[in-house]
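Undergrad: Dock chains B and X against chain S, hints included.
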Amino acid sequence: MSVPGTKSGEDWLQIGEEMHRWIAELFPICRSITGNGVRETLRLIQKRIPLTIQEVSSGTKVFDWTVPLEWNIRDAFIKNLRGERVVDFRKSNLHVVSYSRPVNQRMSLAELKEHLYTLPDRPDWIPYRTSYYKESWGFCLSHNQLLQLVDKEYDVCINASLTEGHLTYGEYCLPGHMQDEVLISAHVCHPSLCNDNLSGIAVATFLAQWLGSQPRRYSYRFLFIPGTIGSITWLSRNQQQVARIKQGLVLTGVGDAGPCTYKKSRRGDAEIDRAMAHLFKHSGKTHSIIDFIPYGYDERQYCSPGFNLAVGCFSRTPHSQYPEYHTSADNLNFVTSQSLAESLSYCQAAVDILEENKTYLNQNPHCEPQLGKRGLYRAIGGQAGEKSMEMALLWVLNLSDGRHSLLDIAERSNLPFQTLAQAASALMVHSLLALGPGHELSS
Amino acid sequence: MSVPGTKSGEDWLQIGEEMHRWIAELFPICRSITGNGVRETLRLIQKRIPLTIQEVSSGTKVFDWTVPLEWNIRDAFIKNLRGERVVDFRKSNLHVVSYSRPVNQRMSLAELKEHLYTLPDRPDWIPYRTSYYKESWGFCLSHNQLLQLVDKEYDVCINASLTEGHLTYGEYCLPGHMQDEVLISAHVCHPSLCNDNLSGIAVATFLAQWLGSQPRRYSYRFLFIPGTIGSITWLSRNQQQVARIKQGLVLTGVGDAGPCTYKKSRRGDAEIDRAMAHLFKHSGKTHSIIDFIPYGYDERQYCSPGFNLAVGCFSRTPHSQYPEYHTSADNLNFVTSQSLAESLSYCQAAVDILEENKTYLNQNPHCEPQLGKRGLYRAIGGQAGEKSMEMALLWVLNLSDGRHSLLDIAERSNLPFQTLAQAASALMVHSLLALGPGHELSS
Amino acid sequence: MSVPGTKSGEDWLQIGEEMHRWIAELFPICRSITGNGVRETLRLIQKRIPLTIQEVSSGTKVFDWTVPLEWNIRDAFIKNLRGERVVDFRKSNLHVVSYSRPVNQRMSLAELKEHLYTLPDRPDWIPYRTSYYKESWGFCLSHNQLLQLVDKEYDVCINASLTEGHLTYGEYCLPGHMQDEVLISAHVCHPSLCNDNLSGIAVATFLAQWLGSQPRRYSYRFLFIPGTIGSITWLSRNQQQVARIKQGLVLTGVGDAGPCTYKKSRRGDAEIDRAMAHLFKHSGKTHSIIDFIPYGYDERQYCSPGFNLAVGCFSRTPHSQYPEYHTSADNLNFVTSQSLAESLSYCQAAVDILEENKTYLNQNPHCEPQLGKRGLYRAIGGQAGEKSMEMALLWVLNLSDGRHSLLDIAERSNLPFQTLAQAASALMVHSLLALGPGHELSS
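First to last, the protein sequences are chains S, B and X. Residue 187 in the numbering used here sits at position 207 of the first sequence, with consecutive numbering throughout. Residue 323 in the numbering used here sits at position 343 of the second sequence, with consecutive numbering throughout. Residue 30 in the numbering used here sits at position 50 of the third sequence, with consecutive numbering throughout.
Only chain S is shown next, with the shape it has when bound in the complex (with noise of 0.2 Å):
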């Protein structure tokens, strides 16, 4: 399997290209938690992998929640009485806030004022604004248009609908040789925003397409929902299934440019926790893990205590701590290819981690084995030093007493995991080693 390193570099420099493209593709379409943006968006997604759509009604009762009206706008703008539009609509789908109800009416600045939305601090950037579940319109603009705005009267136009409709979200399922899930989670609900979410939607596609071609231990499931009340959804009409998910990402701002972040899931040393860890470590490169706190993305609903999924969360830099961050900054210039490719590549190799993490038992735990016989262990004896691979073959042998997995083992040793599972191979192969308890030998 595709492990950091292993492809070329070229190799992933064109894969994050052809991503960079595809979010080029997406970022038009202005998305929300329902309506046609995300329908727009799903049919894009199922070009690349057979993803199945649902669709539940406005109204229907998840958990706490039920289900909204969904959302759809034409069009929308602020026009001056001399019919000139000074905020557009067509120009950015932000400058609407999302759900805003239908307007169509001649005000003074002072009343539109209430419904503006701008940051000051960033003059030029639009924010992005949401009011879901508030009945509410307004506009977000720049703080440089809203300085323009000096006429008493504006006509104020959204041309949107808010009936009963459905959500809708995407769905789709690799199965593997054990009923056990992982789950992948991206978000759809963001119009025009590049980092949050195309970034998490380009990755996760991609590494549907990549793990539909590898063998599979696991089964994977893949879910593309509007955040929030798309996990909900899914959760409430998922519950017999979700004690089949035993691990899980939720992927999230993979393009900027900064270093990578992973967020444990509540649980904190779950299997995927582990192995983030264990890839960040030995990549060589900044980067931070961070404890679970109830507050980000999806891994809120899959790690609420009902649930208590072992998910966390993969991103570059945390949201909160970049200033692009829901406005229009967050555009095609602040993804890079670069940045999508190794968030790609860590994906992979996590998976990889999970698929070939197995606890081995040492067909010969007394003293050990002679290697050299094998042709496992350097002929002439005598020299200091150690190499990479005998070591790898020692611990595994050392450490394969049925209650050690190779996480277990490289987080013992300090060798890359990649090692060891190598190091188990060659000992599979001189019959030195074999599957524990649990394994089924298929896999």
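None of these hints come from the bench; they were simulated from the model.
Identical copies carry no separate label here, and so any pair may be met within one copy or between two of them.
With a straight-line cut-off of 25 Å between C-alpha atoms, the simulated DSS-like cross-links for lysine-lysine are: (1) K93 <-> K71; (2) K93 <-> K59; (3) K114 <-> K367; (4) K71 <-> K59; (5) K353 <-> K41.
Here the structure is a predicted model, which is why all the values come from computation and not from measurement.
TA: Just chains B and X now, with coordinates in the frame of chain S:
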């Protein structure tokens, strides 16, 4: 309930000054481990709280110890042959080694010197010495006084009695909803010394007064006892009740201007240990937390292996780390109103945590409840950043799975306990939270 | 018993010098994993301790290994055609790769060079090389010697035999009150190398001599074995007895001037691991404690997963960290009398801890006993400050609840083990302490 910061600075200043004035009243009394000085002290405490005074006869067996003879002193001096008192008990009751046997004798300076104690390094200070369990006598004086003793002979008098009598201590119980008790213990055996331990007597007394007016989940037991033999006597006479003591604090040296210190109970992770650590951490002030050692104050007895009570020791500068300790320099100038008030506020805040540290059950454990529709969450989404109360609500919901108390949640979230307690109250109002098993609803 | 510091410096110096002189006697012998060099070495050890010598036939199966042919060597050289020995086994037994097959042949320099080993970075040193399990032959020489080989042809002779014979090892058991054993293991397979491992042989032998004159709670087993194959052979032949081994040390490289190193057992928290850590911590010297890795000396076998014995490895500079390792520079100048003596003193002190690390029961667990009336506590109270023995008495009493051994108490109190052992003795004398369950009174 009151916590540091909720009373105005002026209120606390008044309370501190009132404690200091009261300490000045108690200061002149010559206390020891038995005798009328203890009785007089307890009677002054009785003017503030309805203390029960207990008398235990000399000779009573208390575990490995025996209640000693009662010691009372009327006068003592060293006179030169010109009849001048060169050392005079009437000037300072520290001048006589506590429990000195009666003496009335002319003796050579050489003979006398074997009974004199000074502090050569602090030539103006009088040391404090005791000889409770070995019959002896002695005088403590400043080193400068000693240097002036140049005559050949002196008349030495200690007009004291060491006779069958009683050991006296005071006890005050405040019942709560539960029989489980919190113990507050202060020693009352030191003569004219302020920090050690009139400060502890004052803070314990004012804490008791405050608690009398508060709703109480726990019952509270205040002990005003002679050090070591007093706690041993109480424990010996109350073995049936000891098991009720779930938490406790020994209060000592709580009036000096140094930073606060908490010495953990022998258990090290008791609720009181964690409550004090939490308060210190969030105080924004310098402080220190030290591990239990079997040396110090009455926590030595409460934490003996046969009891192993969750009793820690709260003080400011540890006794071994200030030169004024057990000298005449531990006087009314050494303790400050401000420190006394702050020490009291920590005790009250610790009590608040013990009272409010309950385990709740999230009534909507599958996914987050929709806080917005209950007015508990911001309406307009999209901004980065968290608000402390919203985070507190999310933390309480996320960890209220029946296995985490509010203090557990405070430790994991790094939020102040009181913020979480307020969040829990708000969630209780909305029926999103219920008290976990084991909590009485009435409290 | 003896601990570091109790013998005078002069005594230890004499012992160190005696060890160094004995190492000088053992130095010239050409040892390997089998053969007469091992037998001669064991006979010299027998002059000091009544070692049992075991012979195991070539071809014997020992777990995954087979006892190899016996190797003996009489002479070896490389001669130029003028008949001059340019490399001469009689000058250093390191010159021949251990287990070289017999050779007697004229050959070209090019052909010869394929069998020559040098250390270009250390041009004056001869390396030490072995080829036990792959039939081969070779010479080790200094790089400067190699540079002088300029002739076209040389006469090469290794007058050795590789024949059916025996593997030889020595064993010495010292019975104690308990059948539980402490294992001390040193390898005896290295030719003229001093630190690795004549130092280990010497310290093990002197430790055995000392232990023979001591009362013993544990039984002690000393093994003098060829590395790897020797420990594997012993373990294979003594599988019934292995379970008796409760603690152990591999001694190796204990004579160089570097700081002491302890490599923990695979368990990591065994009593021997904690005893060594305690000694190091209180030594006031630089030292290092390293985690177990499955590479090094015979602890690899003792700590293989089928045995997982509590056996650590005591050395000074770790083998991979000094350039003299496995070269002719590991000679009589490289080991010092002082280091040998200090290493022995650590071993004795570790034995003392194992012998004395008992769990006691405070006979007066409710409150402190009155130490003063038993003469165990100062008479005049009031002074600040603690005395080490009084603190030791208080700690032993406080923690002797049946769940803390003396070593547990040492770790928690940060007092030296021996101070606590003395305190326990004093408390036993006064019947304030009793041995906990599981301890034989006779010990």
